[in-house]
Amino acid sequence: MPVSRIAFVRSTVLFLLLGLAALLAIVGAMFWLVGQTQTYSDTVTNARQQRAALIDLRGVAQDAETGQRGYLLTGNEDYLKPYLDAEAKLPAQLERVRQLWAGEAQAQGPLERLSTILTGKMSELRRTIDLDHAGRHDEAIAVVKTGLGRNLMDDARDLFDQLIGVAELRVSETVERQRLNISYLRWITLASALAILLFMGGSVWTVLLYTRQLIRAEAEVTALNAGLEERVRERTADLARANEEIQRFAYIVTHDLRAPLVNIMGFTSELETSLTAIKAYIDATDAAGEEPVARQARIAAKEDLPEAIGFIRSSTVKMDGLINAILKLSREGRRTLKPERIELEPLLRSAAANLHHQAMEAGGEIAIEVSAPPLVSDRLALEHIFGNLLDNAVKYHQPGRPMKVRVRASGQGGRRIAVEVQDNGRGIAAQDQERVFDLFRRSGAQDQRGEGIGLAHVRVILRNLGGEITLKSELGQGTTFTVSLPRDLRGFTGAI
Amino acid sequence: MNHDAKPVSIVMIEDDEGHARLIEKNIRRAGVDNEIIPFANGTEALAYLFGTDGSGKASCGRQLLILLDLNLPDMTGVDILEKLKSNPHTRRSPVVVLTTTDDAREIQRCYDLGANVYITKPVNYESFANAIRQLGLFFAVVKIPETE
Numbered sequence: 354m355p356v357s358r359i360a361f362v363r364s365t366v367l368f369l370l371l372g373l374a375a376l377l378a379i380v381g382a383m384f385w386l387v388g389q390t391q392t393y394s395d396t397v398t399n400a401r402q403q404r405a406a407l408i409d410l411r412g413v414a415q416d417a418e419t420g421q422r423g424y425l426l427t428g429n430e431d432y433l434k435p436y437l438d439a440e441a442k443l444p445a446q447l448e449r450v451r452q453l454w455a456g457e458a459q460a461q462g463p464l465e466r467l468s469t470i471l472t473g474k475m476s477e478l479r480r481t482i483d484l485d486h487a488g489r490h491d492e493a494i495a496v497v498k499t500g501l502g503r504n505l506m507d508d509a510r511d512l513f514d515q516l517i518g519v520a521e522l523r524v525s526e527t528v529e530r531q532r533l534n535i536s537y538l539r540w541i542t543l544a545s546a547l548a549i550l551l552f553m554g555g556s557v558w559t560v561l562l563y564t565r566q567l568i569r570a571e572a573e574v575t576a577l578n579a580g581l582e583e584r585v586r587e588r589t590a591d592l593a594r595a596n597e598e599i600q601r602f603a604y605i606v607t608h609d610l611r612a613p614l615v616n617i618m619g620f621t622s623e624l625e626t627s628l629t630a631i632k633a634y635i636d637a638t639d640a641a642g643e644e645p646v647a648r649q650a651r652i653a654a655k656e657d658l659p660e661a662i663g664f665i666r667s668s669t670v671k672m673d674g675l676i677n678a679i680l681k682l683s684r685e686g687r688r689t690l691k692p693e694r695i696e697l698e699p700l701l702r703s704a705a706a707n708l709h710h711q712a713m714e715a716g717g718e719i720a721i722e723v724s725a726p727p728l729v730s731d732r733l734a735l736e737h738i739f740g741n742l743l744d745n746a747v748k749y750h751q752p753g754r755p756m757k758v759r760v761r762a763s764g765q766g767g768r769r770i771a772v773e774v775q776d777n778g779r780g781i782a783a784q785d786q787e788r789v790f791d792l793f794r795r796s797g798a799q800d801q802r803g804e805g806i807g808l809a810h811v812r813v814i815l816r817n818l819g820g821e822i823t824l825k826s827e828l829g830q831g832t833t834f835t836v837s838l839p840r841d842l843r844g845f846t847g848a849i
Numbered sequence: 003m004n005h006d007a008k009p010v011s012i013v014m015i016e017d018d019e020g021h022a023r024l025i026e027k028n029i030r031r032a033g034v035d036n037e038i039i040p041f042a043n044g045t046e047a048l049a050y051l052f053g054t055d056g057s058g059k060a061s062c063g064r065q066l067l068i069l070l071d072l073n074l075p076d077m078t079g080v081d082i083l084e085k086l087k088s089n090p091h092t093r094r095s096p097v098v099v100l101t102t103t104d105d106a107r108e109i110q111r112c113y114d115l116g117a118n119v120y121i122t123k124p125v126n127y128e129s130f131a132n133a134i135r136q137l138g139l140f141f142a143v144v145k146i147p148e149t150e
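Quick mapping for you: the protein sequence lines, in order, are chains A and B. Heads up, the first sequence is in the working numbering, so the first residue is 354 and it goes up one at a time. Heads up, the second sequence is in the working numbering, so the first residue is 3 and it goes up one at a time.
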């Protein structure tokens with residue numbers, strides 16, 4: 354299942370939010386349960402205190418009874434001490450019990466009765482002891498024997514048992530509730546932990562899915578890239594092969610053109626030699642009064658034939674020049690390049706120095722600014738390129754205007770170098786701007802010597818170096834040639 | 003073949019008839035009157051030089067000077083040069099390569115294969131005629147060994 358980036362972000366965020374919600378639920382439940390536990394614990398403590406207070410109170414009441422009985426039996430004041438202590442403690446203890454049970458509406462009734470009973474019991478005890486103190490021991494025993502005190506005590510015991518039972522029940526109920534609470538807590542924690550695990554798992558699963566998709570996509574891109582590089586290499590090799598083929602073609606063609614040219618020139622010379630003999634013969638004969646046929650032969654030998662031979666000669670010379678130019682180009686294309694480290698500034702300065710004389714004649718100067726790093730290229734080729742461009746700049750300056758030529762070399766990104774040759778010369782008309790790079794084509798007034806091969810040659814050399822040349826020009830204003838070169842010729846696979 | 007009267011024969015392997023004629027004319031102008039045997043293609047020339055069996059025994063006892071053009075219709079002159087210089091019967095015969103090619107690698111290769119002289123045909127006819135005439139003078143004085 355493909356995961357889109359948005360779906361991935363959405364599902365990851367959703368899972369994280371759900372996980373967070375589960376965590377919050379756990380924390381909330383914990384707080385609530387801890388609160389509950391606190392309440393239960395308070396309840397239990399309270400119930401225990403209630404029970405303890407009741408038991409203490411019962412103990413006090415029993416102590417009072419025990420003290421009374423001991424005294425009445427023995428008449429010894431020492432036995433009276435538990436009674437006296439109990440009598441002193443009882444109101445406070447009773448008050449404590451009342452306080453502890455104050456919040457319990459249903460306990461108020463039994464407590465009231467207990468209080469009355471205990472008050473009754475205490476007054477019964479006090480009466481018997483007072484009687485005994487007064488020496489009326491028999492009367493005191495008689496009071497005891499009525500069983501009133503014992504009945505009161507029994508009622509009190511029942512009430513004690515009833516109330517203690519209530520407290521104990523409360524304790525056990527609360528403990529039971531707390532146990533339940535703890536088990537809720539366990540279940541909630543477990544469920545939430547499961548939920549968190551689930552959401553985290555879902556989140557991790559989505560991330561894994563997405564990551565795997567990314568890895569697969571990356572692998573595809575890498576494979577495509579490799580294929581692309583391979584294709585570029587193939588194409589470059591194809592181009593290099595095509596280029597080599599064209600150059601070989603040019604080379605063969607020029608050679609094969611030369612062979613007939615040798616014949617034309619050779620036999621023209623032979624013809625001329627023969628003509629010399631004919632001319633000598635005609636000169637030897639008398640021109641006066643000769644036949645029309647003989648006169649025509651004289652004109653042919655002395656005028657028509659030399660003229661025809663002259664044209665054949667000049668045309669073959671011109672053709673020889675053209676063939677030589679093509680040959681030079683194809684030979685340049687076949688030349689083995691020697692890459693070496695070259696500092697542009699001295700190279701450009703020496704190219705400018707070679708034209709110093711012509712530049713002075715044109716009343717101008719050649720300024721050179723180099724901010725480019727050294728490059729690895731073929732020195733001879735570069736010398737030829739810049740020599741030619743500077744020569745053109747000087748040659749085609751605008752007469753009547755001080756010539757200004759600027760050469761600027763600068764880095765162009767990390768791997769290429771741009772050299773601009775800017776002049777303020779006569780410029781190149783827009784329609785000629787591509788033509789000037791063609792072989793034997795020239796622009797503007799044909800008032801300078803040249804065959805129209807310079808820029809064609811420059812372009813061929815530059816192609817071999819992995820460079821290119823472009824121009825910007827405005828007629829009458831000047832021309833800027835921009836040469837772009839790789840910083841390292843060896844990195845250019847098209848080099849032959 | 004009359005070895006006694008004209009001991010040295012010039013074998014001219016040149017496909018361009020015009021060139022062949024101009025070369026012959028200029029050699030004659032230099033005063034060389036040795037027999038010139040022209041061939042317009044490599045196959046015929048090889049048949050003459052090495053015989054129909056290709057062993058080279060056909061050239062036994064001949065005194066040959068070979069003028070060789072490199073651009074031939076059926077093979078390159080370099081192949082012929084290689085065969086001539088590797089055959090025991092023909093390897094001592096001087097070979098003059100006379101061609102339009104002035105490629106440095108080609109020149110080097112021909113000398114490596116044992117060419118004795120390499121001359122580029124000048125397009126300018128005066129130079130051409132001059133070169134051939136000087137070559138003719140060279141032919142007139144050079145000693146050619148008899149092939150074994």
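Hint data in this document are derived by calculation from the structure and do not stem from the laboratory. Think of the CB as a built atom: it goes at the ideal place given N, C-alpha and C, for glycine as much as any other residue. There may be inaccurate statements among the hints.
[Stated by the list, open to error] Here are a few chain B residues that face chain A, going by a calculated C-beta distance under 10 Å:
#: 1; residue: GLU19
#: 2; residue: GLU46
#: 3; residue: GLY116
#: 4; residue: ASN118
#: 5; residue: VAL119
#: 6; residue: PRO124
#: 7; residue: GLU128
#: 8; residue: ARG135
[What the hints assert, rightly or not] Each computed DMTMM-like pair below joins lysine to aspartate or glutamate, with the alpha-carbon atoms no more than 25 Å apart:
#: 9; chain 1: A; residue 1: LYS632; chain 2: B; residue 2: ASP105
#: 10; chain 1: A; residue 1: LYS691; chain 2: B; residue 2: GLU128
#: 11; chain 1: A; residue 1: LYS691; chain 2: B; residue 2: GLU108
Taking the hints in turn, this is what the structure says about them:
1. Interface restraint check: GLU19/B against chain A, minimum CB-CB distance 9 Å, threshold 10 Å, status holds.
2. Taking 10 Å as the C-beta cut-off, the interface hint given for GLU46/B is violated, the closest approach to chain A being about 19 Å.
3. This hint is violated: GLY116/B has a C-beta 23 Å from the nearest C-beta of chain A, more than the 10 Å allowed.
4. Taking 10 Å as the C-beta contact cut-off toward chain A, the hint placing ASN118/B at the interface is violated, the least distance being around 23 Å.
5. A hinted interface residue such as VAL119/B counts as satisfied when its beta carbon comes closer than 10 Å to some beta carbon of chain A; here the least separation is about 19 Å, so the hint is violated.
6. Hint status for PRO124/B: holds, given a least beta-carbon distance of 8 Å to chain A, under 10 Å.
7. The beta carbon of GLU128/B is positioned within 10 Å of a beta carbon in chain A (closest approach about 7 Å), and the interface hint is therefore held.
8. Taking 10 Å as the C-beta cut-off, the interface hint given for ARG135/B is violated, the closest approach to chain A being about 13 Å.
9. Of the supplied pair hints, the one linking LYS632/A and ASP105/B is violated, its CA atoms being roughly 42 Å apart against a limit of 25 Å.
10. In summary, the hint linking LYS691/A to GLU128/B is not supported, as the alpha carbons are separated by about 37 Å, beyond the 25 Å threshold.
11. The hinted pair formed by LYS691/A and GLU108/B meets the criterion: a straight-line CA distance of about 20 Å does not exceed 25 Å.
The structure fails hints 2, 3, 4, 5, 8, 9, 10 (numbered hints given earlier, in ascending order).
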